[in-house]
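**Q** Residues per chain are reported as follows:
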Amino acid sequence: MSDHPNDVRSQPEGGFLRRAAWQFTDITRRYRTPHSQMTKALRWSLMALRIYLVVLILLLVIKFASLVH
Amino acid sequence: MMPETATLQQENRRKTMGLVPGIFYRYRRMMKWFGVLFAVMGPGVIVMIADNDAGGITTYAVTGATYGYSLIWFMVFLGWVAYYVQEMTVRLGAITKRGHAEAIFYSFGAFWGWFSLIDLVITDWLTMITEFIGMTAAMSIFGIPPAVTVVICWVIMGTMVLQGRYWTWEKIALFFCVINLIYIPAAFLIQPSISDIFHKGVIPSLPPGGFTGDFFFLMMANIGTTIAPWMLFFQQSTVVDKGMRKKDIQFGKVDTFLGAVATVVVAAFILIVTGKLLFGVPIESAADAAIRLMPMNKYVGTFVAIGLFDAGLLGAVCISLASSWAFGEVFGWAHSLNNNIKQAPWFYSYYFFDLLLAGTVVLIPGAPLVLITLFVQVIATTLLPAALVFLILLLNDRDLMGEYRNTRRQNIMSISIVVLIIVLSTCYSLSALFPDLFK
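Residue numbers (the working numbering), protein chains in the order written: chain A, 1 to 69; chain B, 1001 to 1439.
FYI, nobody ran anything at the bench for these hints, they're computed from the structure. Note that this is a predicted model, so its numbers are computed, not measured. A hint or two may mislead.
[Said to hold, decoys possible] From the structure, some residues in chain B lie toward chain A, with a derived Cβ separation under 10 Å:
1. 1206
2. 1209
3. 1390
4. 1394
Using N, Cα and C, we set each Cβ at its ideal position, and we do this for glycine too.
Extracted from the complex, chain A is given alone in its bound form (with noise of 0.2 Å):
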């Protein structure tokens, strides 16, 4: 079982968009040093794949629509 030590913490006060928020930067900021080195060649590339699966995606999504419509 693997636990997150951080599972109780301290929460802003506020309404339940303010506290997503602020977990969501809290995870941001936790994980923000990667440990594994990537080279910039790496980066570059693992972006380039992400733009073009996101670009399918979308294309994907209007021809859905195109469809439904």
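For chain A, the structure is supplied; the task is to place chain B on it using the hints.
**A** Then chain B, alone, in the frame of chain A:
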């Protein structure tokens, strides 16, 4: 004098025994090995059989009806590919003690972590909808209204997880895995020709008509249904939740291999059933196949319908757990099936939220369910390379994996699989966007 290792001590002990005690000793060791295997077995078998979800069963049924036995060899190939990919998650989970989402966040940072998590959420939720589509379609054959089916599914899936023990959940899931094998007796009931199956299906060949656009599309659909992003997250999280350690990795590999064999067997038997009885008949889904099979053989039709429902149920449970585990790992919630609902409220809340949302979509009047099923498979296949690339990078991290990192041979195989899937998923997406492109 160097102290003897445990293995050397055992070997020396065995050599000094007589014949009968030696045989008894070997027998006891073998039984102990099997005992550990059965204790560890679970994640691999469950993820592989759940891989034959509602969308998968539909794809296999359509493949059999369109091409008969011709692609049985291809199922064997895909089973091997799935084993290769899933085996990596066993090593990763057992060594890092982290789920896949947390491992990506930890190793590559928040930017790539959020991308992976968003991918998982989108594909999982969309795939959950197809599971409910399959389950409601299957139960409609027996006259059960979709709304009743959805509620029954919610109750079953809720009961499975709320008892507060991972081991109990696993045993229930394995029970549903056994039901998934119902296609085997269905195939035996129709008495197919073994010689035909061997010559047309087992020996690799292209079907009559050769490499057409439709054949390509169906091949890609089969690839997309065999390896899905959720499988990587699910198996790694179950390995962690089960508490598997380094010395359990060998058993985890056997577990995954047995699961791969079962998944290939189920796929092949579905091809045999529809290939023999529905060859040349245009069918849209597995439910459609079951309806057409009923007048031909009541039992075969019933078995196919039950199998479809079971496939959807197993798929839905595993997929929603994959998402819940991923969120729990990243957000720091208690996220184990060994926690009850009071101990892990957010983990179970997300699980039920996923189920409720997906089940509700299926009940929307006029929802284009067949179109949704088709596009969800394409989207899942398209996003698969992104998940696989991170898996390979993690398995090559020397600091993370130590002696369990990928060998050169494993890297060559894994990278080849990723490149192949990128090319094929591109073609798959393009063929969905431009249906006449490959005709």
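**Q** Next step is simple, just say for each hint if it's right about the structure.
**A** Comparing the hints with the structure gives:
no. : hint : result
1   : 1206 : violated (27 Å)
2   : 1209 : violated (27 Å)
3   : 1390 : holds (8 Å)
4   : 1394 : holds (8 Å)
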